[in-house]
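Could you put the whole structure together from the sequences, leaning on the hints where they help?
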Amino acid sequence: MEDLYLEIITPEKILYDGHVGMVEVPGASGRFVLLRDHAPIISTLVRGFVRVIGKDGYDHSFKCKQGVVECHDNHAVVLMDEMPDENKADL
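With the numbering used here, letter number 10 in the sequence shown gets 50, and the count goes up by one each step, no holes.
What the hints contain is simulated information worked out from the structure, not anything from laboratory work.
Each residue gets a CB set at the ideal place from its N, CA and C atoms; glycine is no exception.
It is possible that some hints are incorrect.
The calculated lysine-lysine pairs, modelled on DSS-like cross-linking and capped at a C-alpha distance of 30 angstroms, are [unchecked claim]: (1) K95 - K53; (2) K95 - K105; (3) K53 - K105; (4) K103 - K53.
Here are the simulated distance ranges between beta carbons [what the hints assert, rightly or not]: (5) A68 - G97: 27 to 33 angstroms; (6) G58 - A79: 19 to 25 angstroms; (7) P51 - K95: 15 to 21 angstroms; (8) D57 - D125: 30 to 36 angstroms; (9) F72 - D113: 17 to 23 angstroms.
Right under this line is the structure:
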């Protein structure tokens, strides 16, 4: 079985690049989760957190201002603007 491969990319840097157990994103119509063998999808992202959970217990959230996600053939790409730390309270 092939794991879900995830890339999280901002204009400034690559935030994450590797295999994950799941990723949860703030879609325009509500939060949703991408898992292995997810149906192909493209969605816009709104302000919120992109949460990454690895199979090894890794659990981290990235602050998203806006963006887009695409998932196809167990490969997910998140292109987003990351929010600065001072905006954390605005979520």
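_G97 and A68 - C-beta distance against the hinted 27 to 33 angstroms_ = holds, 30 angstroms
*Would you mind confirming whether the straight-line C-alpha gap from K95 to K53 stays at or under 30 angstroms?*
The hint holds at about 24 angstroms.
*Starting from the hint 15 to 21 angstroms, judge whether the C-beta atoms of P51 and K95 obey it.*
violated, 29 angstroms
_What's the verdict on K95 and K105, does the C-alpha distance respect the 30 angstroms limit or exceed it?_
Holds. K95 to K105 sits at ~26 angstroms (cutoff 30 angstroms).
*Given pair status - K105, K53, alpha carbons within 30 angstroms*: holds, 15 angstroms
*Does the Cβ-Cβ separation between F72 and D113 fall within 17 to 23 angstroms?*
For D113 against F72, whose Cβ atoms are near 18 angstroms apart, the range 17 to 23 angstroms holds.
*Lying within 19 to 25 angstroms: is that true of the beta-carbon distance G58 to A79?*
Cβ of G58 to Cβ of A79: about 22 angstroms, so the range 19 to 25 angstroms holds.
*Please work out if K103 and K53 have their alpha carbons no farther apart than 30 angstroms.*
holds, 14 angstroms
*Taking 30 to 36 angstroms as the hint, is the beta-carbon distance of D57 and D125 inside that range?*
violated, 22 angstroms
Hints 7, 8 from the earlier list are contradicted by this structure; the remaining hints agree with it.
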